[in-house]
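> The lines below spell out each chain.
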Amino acid sequence: MKPPPFHYAAPTSVAEAVALLGEHADDDARALAGGQSLVPLMNFRLAQPGYLIDLRRIEELTRIRTDGDVLSIGAMVRLSRAEHSPEVALGAPLLAEALGYVAHPPIRNSGTVGGSIAHADPAAELPAVALALDAELVVVGPQGARTIAAADFFVGPFTTAIGAGEILTEVRFPRRDGGQAFVEFARTHGNFALVGVASVIETDGDAVTRAAIALSGVAPVPVRAAAAERALTGTVPDDASIRAAVDAAVAGLSPSGDAHGSTETRTDIARSYLRRGIELALTRAQDRR
Amino acid sequence: MERHDVTLTVNGRTSTVSVEPRKLLVDVLREDLGLVGTHIGCEHGVCGTCTVLRDGESIRSCTTFAVQVDGAELRTVEGLASGSELHPLQDEFWDKQGLQCGFCTPGMLMRACEIVEQKPDVTREEVREGIASNLCRCTGYQFITDAVCAAAARMKAGSTETTGAQA
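Protein chains in written order, with the UniProt record's numbering: chain A, 1 to 289; chain B, 1 to 167.
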């Protein structure tokens, strides 16, 4: 099918984009990033915005930069560019690894970091990465800029804390030491994930000093595996304690089942992949020391 | 409905077309520019048959509005051959029977084009992984992989001789 008609503008500044979003609120105006989620929805007429504000000409949204211990990625940075950026590999290796799981290269050549996070698909990789790294999301609206913690950003499936008239402009990833790992189970590589696990584990050589683990695909929003984090922190992990941590995390999960996997199947996959993710992050934490 | 002027350089030729913002790039290529080599499959970014190159990178032309690529340099399957001489990829698809029903072929060729241009010494495993973005309903990935690997080897060797196609 073809998308329904809409008005279109491609402003060159965030201020102009925000102004347009306000002016055309009655037309259900929406920001357009890479379009890799929005255009299919429009082709199916599941989304029918009357006005699209294309952010592609806004230079400031295409920057990747490192300020001290924070890696900042402009909302319009394409996924493939972030994936191959040495700055991202250094500042947020978890993000770089996760990007390899986002759809296929032709989609990553158009899709953007900001678009993926703002779209907030519960099965998507980047929201879980943002959560595990305690990223900060910068949004700009008529009242100016504000920063939202990733923990407060994802409020439901495809729903975020971005307010009416606001645009996501930047994602800030604080640098974390230790080992980082992203693992995912999908029916075929590049498909939507059944379960994704983002792990960041810091150690003092033996004991875990800090663990941040986030899951995608198991709830309406990405969730932290808080029970596993608590169980691991302060311990020198071994086979039994990792299993106990994973079991504790899984006990709190009840992923909804569908044609691609029942609740039981998804829970079982979450158990396996939590274990893999934790073990890989631990190995990497030890390798770094 | 409002229309926008969109300037595209496709296969080295620049044209400006006046389009509704809702018009998909694949439809502009086929209807406004007459380049019907690019096929329309699923229209939601899954099958890859509409794949074209934008500034050297493969993209889905069915999930891209033409207004989004105003000013871009595009390559479509029509831009592969030079005159009557087939591109090594086209030649090897012919030789290795990588075409089969042919519906996915334009997208496969353009995706393969990006793969071999980005990585001249691409491995067979990387080719398989690389073309996983494009669906072949004939389940013919074996011959397509053979063809892409053969073309990559030929292009790397800098050979311009053709085999099969002109035999």
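I should point out that these hints are in silico values taken from the structure, not numbers from a laboratory. Some hints could be false.
Stated by the list, open to error - Here are the computed distance ranges between Cβ atoms for each label pair: (1) A/T188 / B/K119: 20 to 28 Å; (2) B/G102 / A/T159: 37 to 45 Å; (3) B/E125 / A/S272: 21 to 29 Å.
Here a beta-carbon is modelled for each residue, glycine too, at the ideal position from N, C-alpha and C.
> Does each hint fit the structure? Answer for all of them.
Hints versus structure:
1. A/T188 / B/K119: 20 to 28 Å: Given range 20 to 28 Å: holds, Cβ gap about 22 Å.
2. B/G102 / A/T159: 37 to 45 Å: 43 Å Cβ-Cβ, so the 37 to 45 Å window holds.
3. B/E125 / A/S272: 21 to 29 Å: 24 Å, holds
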